[in-house]
Amino acid sequence: MTKRKASDGTPGLVAAAAGCDRLSSLPEDLIGRILSLLPTPQAVLASQLSRRWRRVWAHVGALNLSVRDCAVRRRGGRARPRLCALATEALLRFPTPGIPSISLEIDHRIYTVDEWYGQAMERAVVSVRVTSLGALTGLELPPCTRAEALSVTSPRTVLTLTGGTGSSPSFGRLAELSLSLVQLGGPPLGDFLSSCCPRLRALRLCSVRGAAVRRLALRTDALEVLYVSNVDDMTSLDVSAANLRCLTVRSCFRSPSGGGGGGRGEVAVSAPRIEAVRWYRSYPKQLGFCSDMLPNARWLGGPLKLPALGRRDQLDAPYTMQLLRACSVAHHLDLELVMPDEMTLLSRRLGPENKGAGEDLIRYVPQLPNVSVLSLKLRWGFGGGIAPSLASILSRTPSLTRLRMELNPYCFAVYVRVATFNF
1 MTKRKASDGT
11 PGLVAAAAGC
21 DRLSSLPEDL
31 IGRILSLLPT
41 PQAVLASQLS
51 RRWRRVWAHV
61 GALNLSVRDC
71 AVRRRGGRAR
81 PRLCALATEA
91 LLRFPTPGIP
101 SISLEIDHRI
111 YTVDEWYGQA
121 MERAVVSVRV
131 TSLGALTGLE
141 LPPCTRAEAL
151 SVTSPRTVLT
161 LTGGTGSSPS
171 FGRLAELSLS
181 LVQLGGPPLG
191 DFLSSCCPRL
201 RALRLCSVRG
211 AAVRRLALRT
221 DALEVLYVSN
231 VDDMTSLDVS
241 AANLRCLTVR
251 SCFRSPSGGG
261 GGGRGEVAVS
271 APRIEAVRWY
281 RSYPKQLGFC
291 SDMLPNARWL
301 GGPLKLPALG
311 RRDQLDAPYT
321 MQLLRACSVA
331 HHLDLELVMP
341 DEMTLLSRRL
351 GPENKGAGED
361 LIRYVPQLPN
371 VSVLSLKLRW
381 GFGGGIAPSL
391 ASILSRTPSL
401 TRLRMELNPY
411 CFAVYVRVAT
421 FNF
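According to the UniProt record's numbering, the sequence shown is numbered sequentially starting from 1.
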């Protein structure tokens, strides 16, 4: 089977030899899985090469529709999209009312007002993924009220949330919501989720901006996974989730109005059943949990950043220590240990104003008797010995059975090969 282009410029497939049919011998589940990974035009053409599975493309678990598969190049270099015709035909030929999975790639807002778009969203029963290849003039949350999972990625696009009114769609079955690279407009995200997504179990926000996430307050008993990454506009995070199992916060609170840029920045988490905490950089001004101890936390990482020497009330040190104390019963620990170079050590020891700036911070690390798996990322520079600090860390993990170390020099003037060791 080889690739070729049809007369209209669309990609296609042809048999390698006349009468060659290798697809018919494949099991139905396997051929269905393979075709589910292909763009819909490719899946249709591939199934036509089989005498046995000629109509199997309409029984696959996914429709993958992309404007990139429907563009015809003409002499002027302009593209003539044919996505509407393809999507309409695919929806008509799909044999069941409900379509398990739908994946769309678009490059213009006009597609979202077409009739086929609304039909596709109504028929999706498991997952929907909408991806924009560039910035759009605006976008509304896809009205996939029967789907269990929804993912929207659209760079530099205002995504409007509708909630709190009788005409707003209700996502009663939605269990997973993932938003990436969008600017949220409309009501606060927490209010929208409370009113329209009562069964939401997983929320993932990546590089999301806008007033809707500036003060994120979540009040839900269904939420189990919360992943927040690079949400710079966030100034506060208030979570009350009785069944929350996993909390991940990466590089947030960095805008001038957020915690990392001089604003207040507050985090309050009430999750008595939390099992995994992953936090990476950009801590808020205030970090609080429902109690000083998280007895069910088994995984702590991010990795947490800890300078070997410095002031215990500056930078990441106080927050890392707080998390280590709160999750002292953890079994898996992921830590980034920063070793200062000799010039940094010298500058810290000069002058009375730097008194205490070279304090050994490892000695404040609590005992971690249950840690059996330890991942260490060691960053070091000129003259920065790692043996004493490493020995001090290991002395606090008596139950250790597996150690992974990554050596990463942060002085790039001298080339040193980065080494990774597993014990």
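Derived from the structure by calculation, the hints contain no laboratory data.
From the three backbone atoms N, C-alpha and C, an ideal C-beta is built for every residue, glycine too.
Misleading hints may appear alongside valid ones.
Only pairs whose alpha carbons sit at most 27 Å apart, straight line, appear in this in silico BS3-like list of lysine-lysine [unchecked claim]: (1) Lys377 x Lys305; (2) Lys285 x Lys305; (3) Lys377 x Lys285.
Label-pair ranges, simulated between beta-carbon atoms [stated by the list, open to error]: (4) Arg250 x Pro155: 24 to 32 Å; (5) Pro295 x Ser195: 15 to 23 Å; (6) Leu37 x Ser251: 27 to 35 Å; (7) His108 x Ser195: 28 to 36 Å; (8) Asp238 x Asp313: 19 to 27 Å; (9) Pro97 x Arg33: 50 to 58 Å; (10) Thr137 x Asn243: 33 to 41 Å; (11) Leu37 x Pro398: 25 to 33 Å; (12) Arg402 x Cys290: 27 to 35 Å.
Structure-based check of all given hints:
1. Between the alpha carbons of Lys377 and Lys305 the distance comes to roughly 9 Å, so the proposed pair stays at or under 27 Å and holds.
2. Of the supplied pair hints, the one linking Lys285 and Lys305 holds, its CA atoms being roughly 16 Å apart against a limit of 27 Å.
3. Restraint check: the Cα-Cα separation between Lys377 and Lys285 comes to about 25 Å, which is no more than 27 Å; the hinted pair holds.
4. Taking the beta carbon of each, Arg250 and Pro155 are about 19 Å apart, not inside 24 to 32 Å as hinted.
5. Checking the proposed 15 to 23 Å range against Pro295 and Ser195 shows it is violated: the Cβ atoms sit about 33 Å from each other.
6. Distance hint for Leu37 and Ser251: a CB-CB separation of about 32 Å, consistent with the stated range 27 to 35 Å.
7. Under the hint 28 to 36 Å, the C-beta atoms of His108 and Ser195, about 30 Å apart, fit the expected range.
8. Asp238 and Asp313 have their C-beta atoms about 25 Å apart, which keeps the hinted 19 to 27 Å range intact.
9. Distance hint for Pro97 and Arg33: a CB-CB separation of about 22 Å, inconsistent with the stated range 50 to 58 Å.
10. Take Thr137 and Asn243: their Cβ atoms lie about 39 Å apart, and the range 33 to 41 Å holds.
11. Separated by about 47 Å at the C-beta atoms, Leu37 and Pro398 break the suggested range of 25 to 33 Å.
12. For the pair Arg402 and Cys290, the supplied restraint of 27 to 35 Å holds, since their beta-carbon distance comes to about 31 Å.
Of the numbered hints given earlier, the model fails hints 4, 5, 9 and 11; all others are met.
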